[in-house]
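Peer 1: These are the residues of each chain, in order.
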Amino acid sequence: MIFTNIIAVLMVSAFIALLVGKRFARTLPYIAAIGVLISFALLAHFASNHHDLFHQAMPLVSVPWISSLGIEYATFIDSLSFILVALTLILALVCILVSVSEISQYQNFYYFNLLAALAGIVGVFAAADLFLFFFFWEVMLLPMTALIAIWGHENRRYAAIKFFIFTQVSSLLMLVAIIVMAFIYQQQFGDISFNYFDWQQLNIAMPLQYWLMLGFFVAFAVKLPSFPFHTWLPDAHTQAPTAGSVLLAGVLLKTGAYGLMRFVLPLFEQAATHFAPVAIALGVISIVYGAVMAFAQTDFKRLVAYSSISHMGFITLALFSFSPIAYHGAIVTLVAHGLSSAALFAMAGMLYQRLHTRDLKKMGGLFASAPRMGGMLLAFVAGAFGMPGLLNFVGEFMTLTGTFTHHPIATAFAATAMIGSAIYGMYLFQQSFQGKPQENVKIPDLRAHEWLLCSLLFGLLLYLGLFPQALLMHFDSIYPSVADAQLIGGKL
Amino acid sequence: MTALTLLPFFPLFSFLVLIVLSKRLSWHIATAVALTGIGLSFIASIVVIQSLNVSASSGEGLTQSLWTWFMLGEHEVRFAFYVDQLTAVMIAVVSGVGFLIHGFAAAYMRDDENYSRFMAYMNLFICAMLLLVLAENLVLLYLGWEGVGLCSFLLIGFWYKDPDNAIAARKAFIVTRIGDTLLALGLFYLFMETNTLNIQEILAQQQTSPLSDEAAWWIALLLLGGAVGKSAQLPLHTWLPDAMAGPTPVSALIHAATMVTAGVYLIARMQGVYLLAPEILNLVAWVGCLTLLIAGIAALAQEDIKRVLAYSTMSQIGYMMLGLGAGANVAAVTHLMTHAFFKALLFLGAGAIILAVHHQQNIFKMGGLLKRMPLISILFLIGIAALIAFPGTSGFVSKEAIIAELWQSKTAGPVFWWLAVVGAFITSVYSFRLVFITFFGPYRAEHELLPQRHGLIVLPLVILALLALGGGYIPTHLEQVFSAPVASQHGPAWLHTVAIIAPLLGIGVAYLLYFPKTESSPAVPGTSSVYRFSHNGLGFDSTYNALVVKPFVWLANINRKDVIDLLVQLISWNTFTWHSAMKAAQSGRLRWYAATLGLGTALLLLGVIL
Amino acid sequence: MIDIAITHVFLISALLFCVGFIGVLARRNTLFMLMSLEVMLNAVGLAFVGAGSLWQQADGQIMFILILTLAAAEVAIGLALLIRMQHQRHNVDVDGLSKLRG
Amino acid sequence: MIVEQFIAIAPQLLLSLAIVMQLLLIAFKRSQHSIAFFTVSAILLALFAHYPAMTNVNLAVTPLLYVDVFSLTINVLILSCSLVAVWVSYGYLRSAVECHDEYYVLLLLAVLGANILVLSNHFAAIFLGFELLSLSLVGMIGYLHLREHTLEAGFKYLILSATASSIMLLGMAFVYGATGDMSLAYQVPQQQDLQLLGQAGLVLIMVGFCFKLSLVPFHTWTPDVYQGAPMPVTLMLATVSKAAMFAIFVKFWLVSAIFNQDSMQFLLVCIAIASMLVGNLLALTQQNIKRLLAYSSIAHMGYLIIVLAIQSQQSVAWALKSGVFYILVYIIATLVIMIYLSGRSKAHAITDNDDWRGWQGLIWQRPLQGSCLILALLSLAGIPLTAGFIGKFYLFTVAIENQLWGAISALIIGSGIALYYYLSIIFCILAKPLETTSQTPIDKVGNFTVSHATVMGMLTVIIVALGLFPDILASQLIFQSEQVTIIFNEASQRF
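Protein chains in written order, with the numbering used here: chain G, -16 to 475; chain W, -17 to 592; chain E, 244 to 345; chain X, 4 to 498.
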């Protein structure tokens, strides 16, 4: 019930926020924060009671939903979903903190959307029924799109439409694949089923398996995003309000990676193996291309957006190398990128509030007036370019170590992103905070809630960067190895 | 081993205090905090070295494990320290010389508005550097490696308001980052082959089941890539002269005494792997050899006092590399140590001079300083003497030891020997060029001289001068670390003499060329094209700019709009074109509609009947 | 009764239908369009009667009567609209009715 | 026996009676209130008459009509829609100075035609229903003759619909000539030339249906007529006419077992694909909401007829269920939007208030109406949380079960294009309100009443409820559809 409860709590607080309305707008952040904190408490309580159960998938609820198609409302939990939900809730707090001073219009509807998006995301991580998964997958898009379209920047409608069409079209491909899978299950076992655990017994012939895998892969590659499907992301990130960017970069992209881990690899092992060279090539291209593109940008958020593409390339690379180390590295990268890119977008939001521009060319020398902010920005940039001691390094290092064994050349290319990320990272930091200060530009340094937010994120990055075992120990027994198919069944 | 555990964390703690309290601290308190942190480190390292000497005469090191960092499959990457004689030298140098430089910096940066931040960065640097040398495994070493890089970035760009400084900082960071990436690839390769990243385990494995030739070759090459980046050797050396944009104590600490020698440390540390790849070891020697010559030539044509010293640093590290490549390991590491002493002395001396002449760094605008600030000048001269390996100085001990062992080097011994001697000759030429132009002749500065007599300025210089003179005789027990001593077969007897004479000859040449003949003759920089070429570091910068930087920037900028996005827009454009076409068909004319109805019917009929 | 091959009946009705249809396409005068519609309906009627005679059933003829009714109703509405058109626009040119488009 | 038959077609008989009474009522007293009230009661009565009819299904009432659950379901849907249409028309026409009581007669005639069409089991009945529906609709389209586009729309609909029905009639004649049977369950003859004739006839009949369902390439009339017709009539066109046509198309297709013919199957899929693409493409930048709905209906009908492209008898039940669910959902969403539009328009205005750019910022001024519209649009776009998604999901299952990969691709591409215009409207509703002082704000236009909002809200609740718990309806439908299959099996085996 844990995830259902969390979703319920989030939705209830969303509706409360909506109903509270404009009259008590000041209470809205508190309502949202309380909702998130209650969810967090629920999760923590659950974790403290069950912490050794995470190594295996643990079904939670199963209620018939659309009986004619054997569709159930079914959820489950394992360490992967647990960690991603925890990450989601942490970033939810960040979202609320960055929204406090940014959002001045239609606040009630804003917090409604924010919380609804969170509920959808939690649902994605919780679903054990593929129809339910798809349902949440789409549901989280709606409030997200609304966030971009209503509270975004100047070009918000274009970005929102692009974002929505990209994800929707690709996810329809996935829907087709899901339905085909259900029919195949019906052929093989008699009953129609959308249940994830049932599907693990499926045995699909090869060319068909390949096509089905592609259906899933495209949906997740768009969300991730991987190289040729990435172009929605810079626009969406740039135009979204700060909390939207944080949520997009921090969690929404992770759902793509989650999908790859949860569905593509375990359900379509054979096809994934065949597809691996292509996927790895896409991953490497994303890494390099994202880094080069990031360097070329002059818009703060756009730069960070492209860097996300680069970092997510590591995930594709890691997952399709079928190396346990890289797989663990991918999990770490998920969390690390979630925290660090969220932090960078939060910084972008703070700068935008102070300067009313995201153009790096119009910034410079801000360190003089806001040293703490500069320090924090540098810290997060350092995280982004893989500074050891912060979590991103662990993820990157494990990923590359793992993939090197199988694909040394590809890894060598991917490793150039370490240079690339240093280039754009330093470019970002120096363009904004170093150099000659602009005339008469004095910006206030971090305010209390911003300080709280930055130190929360940095503290997590640092703590987990020094003690990543706190994260990794839950995954000791989890990894897909193609040679050892039994390992996967039921465990992932 | 509490001392060992705490050793790198003292400066970290003082860093935290300084960065958090920052401007709220007065100069005195900030200085006290900074110096305490590093001083405690120094004391701890003495304690560690003592216990090392007591406990491990057999060559075994001390290990101190703190916690498991992360797991690479079965292999546990620990947050753990390891100390042996090589590390001992390094920690002593880092904390000792570091302490002295901190003292100097306290005086040098006294009036800076961001003084606390500066000292914080310096402390952080020491912490990272200590982690680098103490690391028990290569991942932790990499942490330190990146940490020092980041601190170097911060300190070079400390005066961030000048865009040039920021660019220099970025350049330093990115160029070394290229090396770091190669190093990381080396680590991946090592892990693939040995399944561990623990240094001692790797080295021990080479005894039982050595790496294959190919693997050893690649690993050694990739690690060398890391080393040349950090140690500013060919071909990644171009960042170091620009890094002189940072405050002078930074140059002394990071870009002379400690960080730049990390590459030497790495190769010395991984000697066991290099021995399996003789070609690469030879390459190390060649890299060192070429660097020392090229840097020497470039140093001949510099006008900025710090750039001269920067090139000389590259050149001296070239000697260390050459020594490592040719098997003179002990001598090379000893040279690392002595170099730290005298180069720190030279930089701090230069710093004192720069302060005295109002932040003027052009040697052609100094002159005649020997009379005006004799104490500092003499201390500086001691440093120069050590640099050119004047007999009796520490530099003499270490450099001559390197050169002496070159002759027997297996591959190209005599060639190395000759080149090294030529390098020594060039060293003394440019050193005394510097000396003659700076300390002799008329005073050419625009402002009145400000003699520096602050205790924190003079005292470190004096101590460093003593070390520069006698540091070569400090016992190191390095032979315990380097297992394969070179055959003690000596070359011809004249070798020694030539090696000693070459620097002296250099002084003579420099005297002829650069000594101001009359008190009033104006010293001018050269104007010939050869001079300009040499002044610009033999064109490496411009070549890299044209070949790498410009194309990259061009490529990135030309694709700013993202070609893939254009494809997407093409799709949407296409859709809209179709839309317009169909919209045109929706003309509103009834007869046309009826016609489509007929056409459609005909089409369907055809479709079924055919 | 002269034995006419059923194919001929259908052919002639199809031809008649096409004539009517072309009339709809070619004439701009609304009145003629309505008349062409009548031609089409009559063609259909012919086909029904032919088919009915082929199968010796009355159904075809019944259909024809129904069609006649329809034709009358259609023309009634058509003429009503025609009058409105004449009233409003003072002509019955169908091409004038192309305001709704795009 | 005869009583049972009367009960089975009681709703239609009631409607016919009501039409006569309406005429009498008009003669007696010209009052819009009373005739509207009377019409509503008649329709309600017809609706209630379905209860006894439901108990006695699978009954042939003369060779012309055949009553089964599928037809009854659709008829209930049609009557409900017409109920809404009457109510909406009342509000719409109320403001006019004239007394528009004949309008209700035409409306009821159209409903009767649609009902007969759905029940029919014979070409003659189809013909009668078809023409009754079309001609009454022409009358209604041209009813408000003073408006700007009425004449044009009426004329276009008259000529094109008459042409299409002649084509269909010709097809019927051909089929009759080939088989000698005018019942839907005719048998294709063995002779070569007769077979060809039958085939040609079949295609021509299909043209008639496609025209009414506004499938490509017979779609051209749709936007013009939708735009030119008064808003409540557009509502009728989009709901009553579409539902009836869909029902008879399905019966025709299944009872005659046409899905067994590969060439027809191929044609159908081609038409479906073309409709999805063309409809959505045409709607792309459309700013008139009525035209936009017309174009999107082209696409939706394209989606819908996928359910006919089944490959075996086993799929029939599922396909029918999906089809009924989809059209129901489509109609509900369309109703929400059209009710809103009707409420915001007036009969005596020169045109309807149908530019969706006028909706800018609606959600901030009228949150309930705005969110209803948004949810309806989302449902049309097929986004989860709304019933439209479930409908589309069902269509996907049908298409996949029958391996119609081409249609699936078109469905995906079409949905992608459709998102563009649906989202544009939604974002317009969500945008900041215009700062206009000169024009009347949108929420002051028309006769929009609380009842409009209530009905919109109720329908929206249904949309969301079906989106979350489709089993409420779907579990009912599956039972009925299975019965329908049996009927059709029987029907096809009768000869």
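Just so you know, the hints here were simulated from the structure itself, not pulled from any lab data. Accuracy of the hints is not assured; some may be wrong.
[To be verified] Restricting the straight-line Cα-Cα distance to at most 16 Å, the calculated cross-link-like pairs of lysine to aspartate or glutamate (EDC-like) are: (1) E:Lys342 - X:Glu151; (2) X:Lys435 - G:Asp428; (3) G:Lys419 - W:Glu430; (4) G:Lys419 - W:Asp93; (5) W:Lys543 - G:Asp181; (6) W:Lys5 - G:Asp428; (7) W:Lys353 - W:Glu430; (8) W:Lys5 - W:Asp144; (9) W:Lys143 - W:Glu95; (10) W:Lys5 - W:Asp146; (11) W:Lys5 - W:Glu95.
[Said to hold, decoys possible] Quick look at which bits of chain G chain W covers, simulated, 3 or more residues with Cβ under 8 Å: (12) 47 to 55; (13) 157 to 163; (14) 271 to 279.
[Unchecked claim] Label pairs and their in silico Cβ distance ranges: (15) G:Met189 - X:Cys273: 39 to 45 Å; (16) G:Thr281 - W:Glu461: 53 to 59 Å; (17) W:Lys143 - X:Ser412: 30 to 36 Å.
The C-beta atom is built at its ideal place from N, Cα and C for all residues, glycine as well.
Peer 1: Checking against the hints above, which ones are violated?
Peer 2: Violated: hints 2, 3, 4, 5, 8, 10, 12, 13, 15, 17.
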